[in-house]
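Input sequences plus hints: build the corresponding full structure.
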Amino acid sequence: MDTSQLLKGVLDLAVLAVLRKDDGYGYDVVRRLRAGGLNDVGDASVYGTLRRLYNAGLLTSYVVPSEEGPHRKYYSINETGRVRLAESRETWRSFASTLDGLLGEVAA
Amino acid sequence: MNTQALGVEYYLAGMRAALDDLPPSEVAEIMEDVSAHVAELSTELGENETLEQRLGPPEQYAQELRQAAGYPPRTERMPVTTKGTLLTRPRAAAWGLAIATGITLLAGAAALREPGILLLPGVVLVLSLALVHDRGPAQPEIMALPETRKVQQWLTPEAGTPAERALTYFRSLQPAWWLVRAGLLGLGAVLLAGRDILGFLFVAAIAVVSVYAGPRAKIDRRWLWFSLPASALAVGLLFQVVDATANNLAYNTSRQSYPAPITQSYENIYAYDENGKLLTNVLLYDQRGNPINAPHQYYGCGGGDPQPMIPANRYPRPKIDYENGTCYTVTPSMSAPSSTSSTPSSSSSGSTPSSSVSPTSVSPSK
Numbered sequence: 001m002d003t004s005q006l007l008k009g010v011l012d013l014a015v016l017a018v019l020r021k022d023d024g025y026g027y028d029v030v031r032r033l034r035a036g037g038l039n040d041v042g043d044a045s046v047y048g049t050l051r052r053l054y055n056a057g058l059l060t061s062y063v064v065p066s067e068e069g070p071h072r073k074y075y076s077i078n079e080t081g082r083v084r085l086a087e088s089r090e091t092w093r094s095f096a097s098t099l100d101g102l103l104g105e106v107a108a
Numbered sequence: 001m002n003t004q005a006l007g008v009e010y011y012l013a014g015m016r017a018a019l020d021d022l023p024p025s026e027v028a029e030i031m032e033d034v035s036a037h038v039a040e041l042s043t044e045l046g047e048n049e050t051l052e053q054r055l056g057p058p059e060q061y062a063q064e065l066r067q068a069a070g071y072p073p074r075t076e077r078m079p080v081t082t083k084g085t086l087l088t089r090p091r092a093a094a095w096g097l098a099i100a101t102g103i104t105l106l107a108g109a110a111a112l113r114e115p116g117i118l119l120l121p122g123v124v125l126v127l128s129l130a131l132v133h134d135r136g137p138a139q140p141e142i143m144a145l146p147e148t149r150k151v152q153q154w155l156t157p158e159a160g161t162p163a164e165r166a167l168t169y170f171r172s173l174q175p176a177w178w179l180v181r182a183g184l185l186g187l188g189a190v191l192l193a194g195r196d197i198l199g200f201l202f203v204a205a206i207a208v209v210s211v212y213a214g215p216r217a218k219i220d221r222r223w224l225w226f227s228l229p230a231s232a233l234a235v236g237l238l239f240q241v242v243d244a245t246a247n248n249l250a251y252n253t254s255r256q257s258y259p260a261p262i263t264q265s266y267e268n269i270y271a272y273d274e275n276g277k278l279l280t281n282v283l284l285y286d287q288r289g290n291p292i293n294a295p296h297q298y299y300g301c302g303g304g305d306p307q308p309m310i311p312a313n314r315y316p317r318p319k320i321d322y323e324n325g326t327c328y329t330v331t332p333s334m335s336a337p338s339s340t341s342s343t344p345s346s347s348s349s350g351s352t353p354s355s356s357v358s359p360t361s362v363s364p365s366k
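Protein chains in written order, with the working numbering: chain H, 1 to 108; chain F, 1 to 366.
For the record, the hints were derived by calculation from the structure and aren't laboratory data.
Note that the structure is predicted; figures quoted are calculated from it, not measured.
A hint or two may mislead.
[To be verified] Here chain F is said to cover these stretches of chain H; the calculated rule only asks that three of the stretch's residues, wherever they fall, bring their Cβ under 8 Å from a Cβ of chain F:
1) 19-28
2) 31-42
3) 56-68
4) 90-96
Glycine included, every Cβ here is placed at the ideal spot set by N, Cα and C.
Encoded structure:
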């Protein structure tokens, strides 16, 4: 099964999750997602998701100067973002267990 | 290195073109993210690897980003009414900042005399910041203005060139400049302290906040509305302090080397011979043969004087008397200080007659 289709629905959740502890700039977030096992995540999708979450008011951003190359724009999760992350996690868990239940029936 | 830089530019240009139907502020935000991304990726590329191999063509990258960001699908670029939007809030704010910084530089040079002058750039700054205060720390709209891009381009020369090395060096000095700036502002505040307590508090507050504003402006560009004018004020103050010091030095040396000519501080000169007899009609000349003239108001009775011309260097001068509105010239012998007047007697008549100052010491060369 093509995981990229699945990923589309949960990329918001994944991005919020990796920003939960530390702020990060775009490529940072991409790396964290890949390190977490989401190998197929596309760079552009992550950048787009960051923009969408920012425009939805779940993230704030600030610029950090870089010695070499362009300045980096860091994103950090705000209170609204944390609330959304908690809600989405619950939704995901109940959804996953529902699906697990269904799959368990199939397997049995 | 160079081809990579070209590749990055090419890739970003392709993306910008593919996104150009979106609002400019949003495009600026995206490009801020993406240019950092592409630049970082380009350093990781292998020998014969290109950005397109790694990321796909820019159009595809843009398309994927669009979908994930929830932007509408690509439409033909709307003919944006550039005429109506020439004076946007970001542009007004950016120019406000630039103009206020310029004014502060000029005003800073006069701030020690008239600190109230700083209110003018202050008002411009507050107004221009108010225009864009809600646009976030990165101020993408201002960064996307063509004039800002030009400045940025100018400030980021190609890597490896001498200009780039010089700029990098100056950037490394920035924290030192923040301290120097605070010091200059503090000095300005101290110089104001004796005269203008409000001005002192104002400049001292700027000095203190400027230490915080320097590093802060790197993260939140809105602090530039404080940091840039603070630098301008510090430079202006420096000019003024240097100027005042130079003037002071020049004034002191001029006082030492050019004593005021004696003829300008005396109304009249009385010469005596060795017997204590007042000499009249003495003509005085300096070493070059120029007449030594006392100031004009002691010369005679003005333009309508019917008397024959008296040489200006002939001493003692006739004494001018004003009686009933008419001007008289009194003959000098009658007003000799030794007998009648007491004004010059303390200095000249007491010592001169007995001393060795002889009339021959002043020898007319004509």
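Hints the structure fails to honour: 2 and 4
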